[in-house]
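The lines below spell out each chain.
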Amino acid sequence: MSRLNKMKEDYNHISIPEELDDMIQQQIQKSRTKQAEQKRVRLRNRAKKSLCAIGTAAVVCILFAAALNTSYVFAKEAAKLPIIGEFARILTFRTYEENEDNIAVSVRIPTIEMITEDTGINIAKINQEILTLCNQYANDAVLRAEEYRSAFLETGGTLEEWAEHNVEITVDYEIKNQNKDYLSFVVRGTENWTNAYSESRYYNLRLPDGKTVTLKDMLGEKYIENVNESIMEQITERQNAGETFFGPEEGGFTTITDDTKFYINANNHPVIVFEKYEIAPGSSGEIEFEIGETEDTKQDTATEKTELQEEVYEDNFDVDSKAAKEFAQKIKDAVAKKDLEALAQLTAFPVYVGLENVGMVETKEDFLKLGAETVFTEELLKSVSMAEIDDYQPCMAGFPVSDGGITGINFGVVDGALAVNGINY
Amino acid sequence: MNKQAVYERLVEYIVENQDRFYRLAYSYTRQKQDALDIVQSAVCKALQEYESIRNAEAVKTWFYRILVNECLTALKKRSKIVLSADYPKQEAVYYEKGYEEGENIEELLDGLESDVSQIIRLRFFEEMSLKEISDITGLNLNTVKTKLYRGLKELKENIEEEDL
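If you read the protein sequences in the order shown, they are chains X and L. Going left to right, the first sequence walks through residues 41 to 465 as my numbering numbers them. Going left to right, the second sequence walks through residues 15 to 178 as my numbering numbers them.
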């Protein structure tokens, strides 16, 4: 038998090539990326479901009030937390820790207190939401960890091995920014054994009124376009610097949405956040993009922006309904204000103007000479203001801004960009 | 059973035991690149198919079934390797040389039928129970026993022949 022992020793001394570990990690990374994609689909479905859960909010509300009044933890915590600006403060009103079956649970639920009066309702609603969210996450996470535990034991793991795992569930918050203008913080739920269920919710409140701030509030109507452009640029820069991002076909960045996560940093700039695996390999972790341009700086460049019109369209079929809507909105705005200059900015010359004795107008100067009173007839004002612009379909003939009658303003692709190409009366 | 839990359990099992996988694969192929390829495709398949891990079944035997399968497939592809079971006497000569160079295990094992050598690998090198081996190979427990004893006897014969 000593021969066999010798064989075993030789076997155990087979040297392990360095590449092995890298290769295994790569395989896992690849498979996790795939999982992350499945998760995104799952989350989308969950979002729909969670709408059904709103009915429980009332119950939570009562619990919330009771906890706030009776918890001595709350009183203890409140004393040491900072006042934010002079208007609000965050206090942890509930913390608890548990350790059962070697699953450690640690929860700190933040609540916001507004120092200024009269804004209570808004804040109470947010506080409730945070509380519900945290509790629900912690409960779900414990269930998942229990399932993991039984799976672990059923597949041959021992209790000792399980204990070594140090499974931890953490619900916590991080204050991203607090100044006199904004309060921005994130509430996170994490499980240290899996990324698949990590959740983070960002809260951005404007002070002193405590209103929730959206990207649109900060960046204006064209925020999606502007943010996308900025992110694309930053991705290219960072790629050149050696970072890896997923391409579009691997589920990488395409566009932000209304649900895109962001916080507000110390410069009062929004910072867009993508979760681990969302647009890049997991090794990159969470990815952030600061969007430098805010409402103030944007106003100065707004007119330039219109003239630059970065998208280049082949023809009217290239224009999606969102772009068409945005352009139509600009026309509506100009007409509502009877701003001939603004309308001229949107117009490609020569343009057809269907007034008596006018017809083709060759230049912008000639157009302006017509005068606002002549161009903006009562009928045109009415038709444009009534125009339905939400659902444009790509069409060779272009896009009308009108109430359905002949009177109205037409626009379409002229030299690669959207422009007004006709006004009918 | 929670799918995500099973998945994490599998990932962890793979990371912890990757060296073992490699050694086993290497003992079949005796080539670094081939052994790496085998482990890679076994890991890839396992991560893809993790949902088929059943409740009562240990991750270990489930994974080894895939791994052993990959090893055998790789061997079949390398048709140039003649299974030495057909030429036991010649192998004994090779084995002796190999042993002196400190690389005897592969040749000794190659002196056996492939499923016999596989059982010996799993039993003695991977220290698996007969039950686990039976689960992995799909052979029933008694067959595993019989083959193991036959293998041991053959090894001993080899050794004795050589000692003569």
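It is worth saying that the hints were derived from the structure and are not from the lab. Given the structure is predicted, the values throughout are model-derived calculations rather than measurements. Beta carbons are placed, not taken as given, at the ideal position from N, Cα and C, and that holds for glycine. Hints should not be assumed to be uniformly reliable.
[Said to hold, decoys possible] For lysine to aspartate or glutamate, the following EDC-like pairs were computed, each having C-alpha atoms within a straight-line distance of at most 16 Å: (1) Lys-74(X) with Glu-141(L); (2) Lys-46(L) with Asp-61(X); (3) Lys-46(L) with Glu-59(X); (4) Lys-74(L) with Glu-201(X); (5) Lys-46(L) with Glu-58(X); (6) Lys-48(X) with Glu-141(L); (7) Lys-316(X) with Asp-360(X); (8) Lys-17(L) with Asp-180(X).
[Claimed, not checked] Incomplete in silico selection of chain X near chain L, CB under 8 Å: (9) Glu-187; (10) Ala-191; (11) Phe-192; (12) Gly-196; (13) Tyr-353.
> Failing hints, ascending?
Replying inline: 1, 7, 13
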